[in-house]
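Undergrad: Sequence:
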Amino acid sequence: MARRVVITGVGVLAPGGLGVRDFWSLLSQGRTATRRITRFDPSPFRSQVAAEIDFVPAAHGLDPQESERMGRAAQFGVVAAREALADSGVAQALAPQRTGVVMGTAGGAVAGLDAAYRSMSDERRLADVDPAHAPPWLYDHFVPSSFATEVAWAVGAEGPSAVIANGCTAGIDAVAHAVELIRENSADVMVAGATDAPITPVVMAAFDAVRATTTHNDEPATASRPFDDSRDGFVLGEGAAVFVLEELHHARGRGAHMYAEVAGHASRSNAFHMTGLHPEGRELAEAVRAALDEARLDPRDLDYVNAHGSGTKLNDRHETQAYKLALGEHAHRVPVSSVKSMIGHAMGSVGAIEIAASVLAMEHHVVPPTANLHVPGPGCDLDYVPRVAREQRTDAVLTVGSGFGGFQSAMVLTRHDRSAP
Numbered sequence: 013m014a015r016r017v018v019i020t021g022v023g024v025l026a027p028g029g030l031g032v033r034d035f036w037s038l039l040s041q042g043r044t045a046t047r048r049i050t051r052f053d054p055s056p057f058r059s060q061v062a063a064e065i066d067f068v069p070a071a072h073g074l075d076p077q078e079s080e081r082m083g084r085a086a087q088f089g090v091v092a093a094r095e096a097l098a099d100s101g102v103a104q105a106l107a108p109q110r111t112g113v114v115m116g117t118a119g120g121a122v123a124g125l126d127a128a129y130r131s132m133s134d135e136r137r138l139a140d141v142d143p144a145h146a147p148p149w150l151y152d153h154f155v156p157s158s159f160a161t162e163v164a165w166a167v168g169a170e171g172p173s174a175v176i177a178n179g180c181t182a183g184i185d186a187v188a189h190a191v192e193l194i195r196e197n198s199a200d201v202m203v204a205g206a207t208d209a210p211i212t213p214v215v216m217a218a219f220d221a222v223r224a225t226t227t228h229n230d231e232p233a234t235a236s237r238p239f240d241d242s243r244d245g246f247v248l249g250e251g252a253a254v255f256v257l258e259e260l261h262h263a264r265g266r267g268a269h270m271y272a273e274v275a276g277h278a279s280r281s282n283a284f285h286m287t288g289l290h291p292e293g294r295e296l297a298e299a300v301r302a303a304l305d306e307a308r309l310d311p312r313d314l315d316y317v318n319a320h321g322s323g324t325k326l327n328d329r330h331e332t333q334a335y336k337l338a339l340g341e342h343a344h345r346v347p348v349s350s351v352k353s354m355i356g357h358a359m360g361s362v363g364a365i366e367i368a369a370s371v372l373a374m375e376h377h378v379v380p381p382t383a384n385l386h387v388p389g390p391g392c393d394l395d396y397v398p399r400v401a402r403e404q405r406t407d408a409v410l411t412v413g414s415g416f417g418g419f420q421s422a423m424v425l426t427r428h429d430r431s432a433p
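The sequence shown runs 13 to 433 under the working numbering.
Hints should not be assumed to be uniformly reliable.
The calculated label-pair distances, taken between Cβ atoms and stated as ranges, are [stated by the list, open to error]: (1) R195 <-> G340: 26 to 36 Å; (2) A221 <-> S281: 38 to 48 Å; (3) T50 <-> P76: 18 to 28 Å; (4) R48 <-> P390: 21 to 31 Å; (5) S281 <-> D53: 34 to 44 Å; (6) N197 <-> R33: 33 to 43 Å; (7) D220 <-> E170: 40 to 50 Å; (8) P390 <-> D75: 47 to 57 Å.
If you're looking for bench data, these hints aren't it; they were derived computationally from the structure. Using N, Cα and C, we set each Cβ at its ideal position, and we do this for glycine too.
Turn these sequences into a full structure, and let the hints steer you where they fit.
TA: As structure tokens, then:
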């Protein structure tokens with residue numbers, strides 16, 4: 013029988029929520045954390061709003077040496093990992109060689125590289141690379157693999173380690189890969205999640221170029237509008253979420269609190285276009301069906317769908333159609349909401365952040381709302397929980413991700429004992 017995997021620790025750094033408690037308070041109250049960009053002058057850009065984190069490394073336990081060595085995304089990941097480890101209480105039960113790390117990212121170390129480039133004079137940018145002027149942390153900032161390395165150092169993990177860079181599905185896929193490592197007996201405990209810090213001029217320019225981000229610059233707090241008729245693109249965000257995953261008997265043996273079981277996961281690719289999507293949502297629907305099959309659930313067993321819900325015209329219609337294909341009539345009955353309406357789209361890390369939102373929805377029996385949803389757009393005709401959270405028993409959750417390049421991922425989370433009260 014396959015080894016079962018449960019989540020026993022959660023750590024989150026998200027806009028408006030520098031920890032699990034603040035994060036859940038924001039979501040459950042339907043508040044938004046989007047604003048005009050403050051990290052640089054956004055006036056040259058088509059989109060000038062983002063969901064930023066007010067982050068001071070020293071206030072989160074990072075010493076000056078760590079802060080200098082790590083870029084912003086790595087800092088987020090390490091702080092979230094430490095929170096997850098403390099939340100789980102597993103530290104005394106860790107066997108280092110049976111503990112691994114998987115981190116996801118889409119933007120990698122782009123913030124550090126962008127800062128390093130902009131700190132150079134024009135002459136140095138045009139000249140050959142001069143090793144004498146390279147900062148000692150440049151390699152750490154350059155390679156996304158440093159995210160897993162830094163987290164492994166922080167938690168003392170000596171088992172399997174990897175970084176998943178599947179664009180906007182990286183967070184879901186990183187957790188799924190960690191689950192598989194436990195299932196195949198390569199580890200008993202995995203620290204897994206994702207981190208991204210993409211709010212930089214170069215990333216804003218890239219999304220401006222493909223018209224993916226919003227132009228609701230005069231209304232930052234309501235700029236992210238998934239499924240609404242007035243939506244015109246996503247709001248860029250940043251942040252990290254990291255989890256402690258344990259084999260079920262390992263967790264039971266130490267009396268751990270178990271938030272949820274990762275019951276099923278699947279991914280597909282549309283092999284179609286870098287930014288375009290098949291309108292019928294077939295690939296995402298297939299990923300949802302496969303995840304439900306692995307979890308041995310019927311669509312009618314789902315209590316909540318944590319949507320990708322980016323707020324682009326195409327994605328929200330595509331996703332809605334995918335749910336209709338995969339869930340049948342239950343698509344019209346199950347609550348569907350997008351937390352991106354409150355925290356923006358943090359690229360690869362948002363899938364992990366949405367897993368955290370899903371786990372907390374199960375913990376509190378509250379479905380977070382889709383903020384800023386007033387008039388659903390054409391083709392968006394499901395129950396999107398507009399503006400106000402909803403109390404209801406939540407034992408099985410589907411969370412999905414959809415990314416540029418055609419990546420489509422789905423994960424099913426359940427209570428480890430769904431018959432328990």
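Undergrad: All the hints need checking, so say for each whether the structure fits it.
TA: Status of the hints after comparison with the structure:
no.	hint	in the structure
1	R195 <-> G340: 26 to 36 Å	holds, 29 Å
2	A221 <-> S281: 38 to 48 Å	violated, 23 Å
3	T50 <-> P76: 18 to 28 Å	holds, 23 Å
4	R48 <-> P390: 21 to 31 Å	holds, 30 Å
5	S281 <-> D53: 34 to 44 Å	holds, 37 Å
6	N197 <-> R33: 33 to 43 Å	holds, 35 Å
7	D220 <-> E170: 40 to 50 Å	holds, 43 Å
8	P390 <-> D75: 47 to 57 Å	holds, 53 Å
This entry does not satisfy hint 2, going by the numbered hints stated previously; all others are met.
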